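*Asks:* Modelling step: build the complete structure from the supplied sequences, incorporating the hints.
Chains as they are written, first to last, in UniProt numbering: chain A, 1 to 233; chain V, 1 to 233.
Simulated from the structure, these hints should not be mistaken for lab results.
Don't take each hint at face value.
When the alpha-carbon atoms are kept at most 16 Å apart in a straight line, the in silico EDC-like pairs for lysine to aspartate or glutamate are as follows [claimed, not checked]:
(1) V:Lys20 - A:Asp91
(2) A:Lys8 - A:Glu18
(3) A:Lys20 - A:Glu65
(4) V:Lys8 - V:Glu18
(5) V:Lys20 - A:Glu84
(6) V:Lys130 - V:Glu143
(7) A:Lys20 - V:Asp91
(8) V:Lys8 - V:Glu37
(9) A:Lys20 - V:Asp140
(10) V:Lys20 - V:Glu65
(11) A:Lys130 - A:Asp148
(12) A:Lys130 - A:Glu143
One-sided and incomplete, this derived list gives chain V residues near chain A with beta-carbon spacing under 10 Å [as the list claims (entries may be wrong)]:
(13) Arg52
(14) Ala57
(15) Val60
(16) Ala66
(17) Leu77
(18) Phe86
(19) Asp91
(20) Pro96
(21) Glu100
(22) Leu108
(23) Gly160
(24) Met167
(25) Ala233
Listed next, the stretches of chain A that the computed footprint assigns to chain V, with coverage defined by at least 3 CB atoms under 8 Å from CB atoms of chain V [what the hints assert, rightly or not]:
(26) 20-26
(27) 122-133
(28) 140-148
Since the structure is predicted, the reported quantities are computational estimates derived from the model, not experimental observations.
Heads up, the beta-carbon is just placed ideally off N, CA and C, and yes, glycines get one too.
There are 2 protein chains.
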Amino acid sequence: MDEEAPQKGTVTQRAIEEIKAMIAEGRLEPGQRLPTERDLAARLGISRSSMREAIRALTVLGVLEARHGSGIYVTALEAGDLLETFGVVADLSRGPRLVELLEVRRILESTATALAAARITEDQLAAVEKHLAAMNATDDPEEILAHDLAFHREIAAAAGNETMAAMLEGLSSRTFRARVWRGYQEEGAFARTRREHAAIHRALAARDPEAARTAAAAHVGEVEEWLRAQLRA
Amino acid sequence: MDEEAPQKGTVTQRAIEEIKAMIAEGRLEPGQRLPTERDLAARLGISRSSMREAIRALTVLGVLEARHGSGIYVTALEAGDLLETFGVVADLSRGPRLVELLEVRRILESTATALAAARITEDQLAAVEKHLAAMNATDDPEEILAHDLAFHREIAAAAGNETMAAMLEGLSSRTFRARVWRGYQEEGAFARTRREHAAIHRALAARDPEAARTAAAAHVGEVEEWLRAQLRA
DNA sequence: CCACCGGAGTGGTCCGACCACTATGGGTCG
DNA sequence: CGACCCATAGTGGTCGGACCACTCCGGTGG
Numbered sequence: 001m002d003e004e005a006p007q008k009g010t011v012t013q014r015a016i017e018e019i020k021a022m023i024a025e026g027r028l029e030p031g032q033r034l035p036t037e038r039d040l041a042a043r044l045g046i047s048r049s050s051m052r053e054a055i056r057a058l059t060v061l062g063v064l065e066a067r068h069g070s071g072i073y074v075t076a077l078e079a080g081d082l083l084e085t086f087g088v089v090a091d092l093s094r095g096p097r098l099v100e101l102l103e104v105r106r107i108l109e110s111t112a113t114a115l116a117a118a119r120i121t122e123d124q125l126a127a128v129e130k131h132l133a134a135m136n137a138t139d140d141p142e143e144i145l146a147h148d149l150a151f152h153r154e155i156a157a158a159a160g161n162e163t164m165a166a167m168l169e170g171l172s173s174r175t176f177r178a179r180v181w182r183g184y185q186e187e188g189a190f191a192r193t194r195r196e197h198a199a200i201h202r203a204l205a206a207r208d209p210e211a212a213r214t215a216a217a218a219h220v221g222e223v224e225e226w227l228r229a230q231l232r233a
Numbered sequence: 001m002d003e004e005a006p007q008k009g010t011v012t013q014r015a016i017e018e019i020k021a022m023i024a025e026g027r028l029e030p031g032q033r034l035p036t037e038r039d040l041a042a043r044l045g046i047s048r049s050s051m052r053e054a055i056r057a058l059t060v061l062g063v064l065e066a067r068h069g070s071g072i073y074v075t076a077l078e079a080g081d082l083l084e085t086f087g088v089v090a091d092l093s094r095g096p097r098l099v100e101l102l103e104v105r106r107i108l109e110s111t112a113t114a115l116a117a118a119r120i121t122e123d124q125l126a127a128v129e130k131h132l133a134a135m136n137a138t139d140d141p142e143e144i145l146a147h148d149l150a151f152h153r154e155i156a157a158a159a160g161n162e163t164m165a166a167m168l169e170g171l172s173s174r175t176f177r178a179r180v181w182r183g184y185q186e187e188g189a190f191a192r193t194r195r196e197h198a199a200i201h202r203a204l205a206a207r208d209p210e211a212a213r214t215a216a217a218a219h220v221g222e223v224e225e226w227l228r229a230q231l232r233a
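*Replies:* And the structure:
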């Protein structure tokens, strides 16, 4: 009864599944510290090298966190931890795939903005306004970009769904870099963006979900259309 | 001009960024074969062990694919490749996070179903009907589950957005397992699911996007509500 | 011409050593 | 007595080399 020889795939893959299972079954709680690499390797009967590969894999997935000199820990398993990789996906997508990604973003962003309009608090609204004002007060592209991102991040947070907010975060980084490049080519893009942001803010302040949904959809759709046109060229 | 000492983070992390950059900048095309592990390690001045960790990390992200005895290749970078990890996220999410995930699925699934209603071809509709019929013809939970998944997969595919379809695929595996468990407890769940599926199919056949959106939202919302109730208990 | 087979090359695994960092506890100084 | 400092044990990080398992291709013999 020695439970040998499952032997499916690589030993590293097996180790990954093993640790995932430990977490899924609750044998490992969020924040908890794991045994040492050497222990884990011995326990599964594999070498430390292979175990390290497994740990590294789960680290990039945002499931584990290795602290040099201290130990390996399970992350909080919050949406932000796990969906960080989502940004990588967005960064590596190109062509038609990028348009699809933007379409997804349009759907989620418009819904999130609509939810935010219904739920946003005064404090959160003030934060949104702060970034809106800062965005309009400068013409340094880098700074505008930062406040633009923060603007949408605040709104997503106000929607009350952390998972959705984390996904939107990932869907934005690449998108926004593209928009900067866009500003280079198309004059008037900044002014249009400013109007769109103002419309979104108006809808939020008025607590009007439908107007917020429409404004957000138009905002993202604008970029989407431009990207579609670029691909045809 | 020897370009030394960036030295940020671990060498493995640097290697990961390096390869990601190669792909992002187009120096590596989808499907292309990479240099050998030994070459890559030498090129970046790191050990093979560290390079292997980097490769393993990008492998689990669906960016690279290692073929034993042959070489390392860049994947097609299709939505399905990159979003496979999305399922892991869903599997490891629990409690409130799971409800949020389901909320995201409701939004995407309803939109996808609406899009499908407008675009679905006769062939695709036939495939949907096939799974609907098969689902109703058996009472083996496993088989029902399989056809249920396929039912929604066909619809997502008909929506014409591969990225969205891949995300929904990841959002389903965990969800559906939960529903099976649900069937154990709540009588009538199967019958209700059957009605909901029929409503979705009706909307698709009628090419009625709004009806499709509503039916799909209700379908997912049903599970969502049940899960919310479970969490309160 | 084809089937077979061998070797070269590749990823997969393992080992053992050492480095870099952290945390802990005991000793020291104020 | 208390706060500080530092030696040290333990942990993850890196390295190099050895060997195994598999794939692929070209030569060889039928």
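*Asks:* Next step is simple, just say for each hint if it's right about the structure.
*Replies:* Now for the hints, and whether the structure bears them out:
Restraint check: the Cα-Cα separation between Lys20 (chain V) and Asp91 (chain A) comes to about 9 Å, which is no more than 16 Å; the hinted pair holds. About 12 Å separates the Cα atoms of Lys8 (chain A) and Glu18 (chain A), which keeps this hinted pair within 16 Å; it holds. Using a Cα cut-off of 16 Å, the hinted pair Lys20 (chain A) and Glu65 (chain A) holds, with the two alpha carbons roughly 14 Å apart. In summary, the hint linking Lys8 (chain V) to Glu18 (chain V) is supported, as the alpha carbons are separated by about 12 Å, within the 16 Å threshold.
Only pairs whose Cα atoms come within 16 Å are accepted, and Lys20 (chain V) paired with Glu84 (chain A) is accepted, the gap being roughly 15 Å. For the proposed pair Lys130 (chain V) and Glu143 (chain V), the alpha carbon gap of about 13 Å is at most 16 Å, so the pair holds. At roughly 9 Å between alpha-carbon atoms, Lys20 (chain A) and Asp91 (chain V) fall within 16 Å of each other, so this suggested pair holds. At most 16 Å may separate the alpha-carbon atoms for a hinted pair to count; Lys8 (chain V) and Glu37 (chain V) exceed this at roughly 22 Å.
For the hint pairing Lys20 (chain A) with Asp140 (chain V), the CA-to-CA distance comes to about 28 Å; that exceeds 16 Å, so the pair is violated. Of the pairs offered as hints, the one joining Lys20 (chain V) and Glu65 (chain V) holds, with about 14 Å between alpha carbons and a cut-off of 16 Å not exceeded. A threshold of 16 Å between alpha carbons decides the hint, and for Lys130 (chain A) with Asp148 (chain A) the separation of about 11 Å falls inside it, so the pair holds. Restraint check for Lys130 (chain A) and Glu143 (chain A): satisfied, since their Cα atoms lie roughly 13 Å apart, inside the 16 Å limit.
Among the interface hints, the one on Arg52 (chain V) holds; its C-beta lies about 6 Å from the nearest C-beta in chain A, closer than the 10 Å criterion. For Ala57 (chain V), the suggested interface contact is upheld, since its CB lies about 4 Å from the closest CB of chain A, less than 10 Å. For Val60 (chain V), the shortest C-beta to C-beta distance to chain A is roughly 4 Å, which falls under 10 Å, so the interface hint holds. Interface hint status for Ala66 (chain V): upheld, as the beta-carbon distance to the closest one in chain A is roughly 9 Å, under 10 Å.
Of the supplied interface hints, the one on Leu77 (chain V) holds, with its beta-carbon coming within about 6 Å of a beta-carbon of chain A, less than 10 Å. Here the hint on Phe86 (chain V) is kept, as its CB sits about 8 Å from the closest CB of chain A, short of 10 Å. A least Cβ separation of about 6 Å between Asp91 (chain V) and chain A falls short of the 10 Å threshold, and the interface hint therefore holds. Annotation: interface hint on Pro96 (chain V) holds; nearest CB of chain A at approximately 8 Å, less than 10 Å.
Interface restraint check for Glu100 (chain V): the shortest CB-CB distance to chain A comes to about 4 Å, inside 10 Å, so the restraint holds. Hint status for Leu108 (chain V): holds, given a least beta-carbon distance of 7 Å to chain A, under 10 Å. Annotation: Gly160 (chain V) was flagged as interfacial toward chain A, and the flag holds, the nearest CB pair being 9 Å apart, inside 10 Å. The beta carbon of Met167 (chain V) is positioned within 10 Å of a beta carbon in chain A (closest approach about 7 Å), and the interface hint is therefore held.
Annotation: Ala233 (chain V) was flagged as interfacial toward chain A, and the flag is violated, the nearest CB pair being 18 Å apart, outside 10 Å. Only residues whose beta carbon comes within less than 8 Å of a beta carbon in chain V count, and the segment 20-26 of chain A has 3; three or more means the coverage holds. Note: the segment 122-133 of chain A has 0 residues with beta-carbon separation from chain V under 8 Å; the three-residue rule is not met and the coverage is violated. Coverage of a stretch by a chain is defined here by at least three residues with a beta carbon nearer than 8 Å to that chain's beta carbons; for the segment 140-148 of chain A and chain V the count is 0, and the condition is violated.
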